[in-house]
Amino acid sequence: MALILSLETSTDNCSVALHREGVLISLKEWGERGGHASKLPGLVDEVMEEVEIQAENLQAVAVSEGPGSYTGLRIGVSTAKGLAYALGLPLIGINTLQSLAIQVSNPEEGSIIISQIDARRMEVYAQVFDKNGDPLSEISPEILDNESYGEFLAEQKVYFIGNAVEKMSATLSSSNAVFIEGEFSAKWIGPLAYRKFTENKFEDVAYFVPNYLKEFQALHSRKNPLLS
Numbered sequence: 001m002a003l004i005l006s007l008e009t010s011t012d013n014c015s016v017a018l019h020r021e022g023v024l025i026s027l028k029e030w031g032e033r034g035g036h037a038s039k040l041p042g043l044v045d046e047v048m049e050e051v052e053i054q055a056e057n058l059q060a061v062a063v064s065e066g067p068g069s070y071t072g073l074r075i076g077v078s079t080a081k082g083l084a085y086a087l088g089l090p091l092i093g094i095n096t097l098q099s100l101a102i103q104v105s106n107p108e109e110g111s112i113i114i115s116q117i118d119a120r121r122m123e124v125y126a127q128v129f130d131k132n133g134d135p136l137s138e139i140s141p142e143i144l145d146n147e148s149y150g151e152f153l154a155e156q157k158v159y160f161i162g163n164a165v166e167k168m169s170a171t172l173s174s175s176n177a178v179f180i181e182g183e184f185s186a187k188w189i190g191p192l193a194y195r196k197f198t199e200n201k202f203e204d205v206a207y208f209v210p211n212y213l214k215e216f217q218a219l220h221s222r223k224n225p226l227l228s
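Under the UniProt record's numbering, the first residue of the sequence shown carries the number 1, and numbering increases by one thereafter.
If you are wondering where the hints come from, they were derived from the structure by calculation, not from laboratory data. Be aware that a few hints might be false.
Here are the simulated distance ranges between beta carbons [as the list claims (entries may be wrong)]: (1) Asn106 to Glu166: 20 to 26 Å; (2) Ala154 to Gly35: 53 to 59 Å; (3) Thr71 to Ile180: 25 to 31 Å.
Computed from a predicted model, the values in this text were never measured in an experiment. Yeah, the Cβ is synthetic: ideal placement off N, Cα and C, and Gly gets one too.
From just these sequences and the hints, can you work out the full model?
Next up, the structure:
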């Protein structure tokens with residue numbers, strides 16, 4: 001029975017979850033800006049205590065690998081690596097944008113999902129997924145304007161999810177655009193981690209590094225990322 005401890009620290013929200021066979025059994029979150037380093041160890045203890053699980057009963061540790069903030073990811077990944085090493089457990093890295101994509105419930109047939117994390121001004125990091133939350137493109141930096149993703153929106157329903165939806169909804173006027181705020185939460189890391197666990201897709205604890213938001217070098221967002 002796979003018990004997986006999941007950490008999510010890629011944004012201001014700091015959260016820890018425990019899943020059994022991919023089903024959430026405990027969740028603790030800290031939603032205020034900063035404090036990840038001091039709050040994260042306590043959240044780990046709280047989820048374990050809530051369901052009376054001992055560390056030796058865990059089968060894996062999972063962590064959001066980004067993209068996201070440098071400080072948050074550094075804290076989350078270093079904590080996850082420390083736990084995995086100390087407990088002799090496999091480490092599972094999860095794409096932050098995919099953890100957003102799987103939150104879209106009952107998307108239309110033939111639709112796509114575009115997960116976004118806010119960078120600054122009109123800039124985002126984005127990735128395109130199919131209706132099942134499987135990636136169709138690589139993560140890419142984009143600059144938003146009123147022609148963004150026009151090729152997609154002309155042909156199909158597009159679900160935008162992430163912390164950039166406010167500026168997306170103010171920029172786009174297409175009837176095919178659906179905007180969902182989504183959650184940056186460890187409760188969405190667990191289901192993806194369980195899938196990787198069953199496929200034995202683990203990270204090298206010694207060499208694993210997160211996907212920090214690098215210096216922004218965007219292609220214009222009207223370009224179809226599936227063709228790049």
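Practice task
State the violated hints by number, sorted upward, taking the hints as numbered earlier in the document.
Solution key: Result: hint 2 breaks, nothing else.
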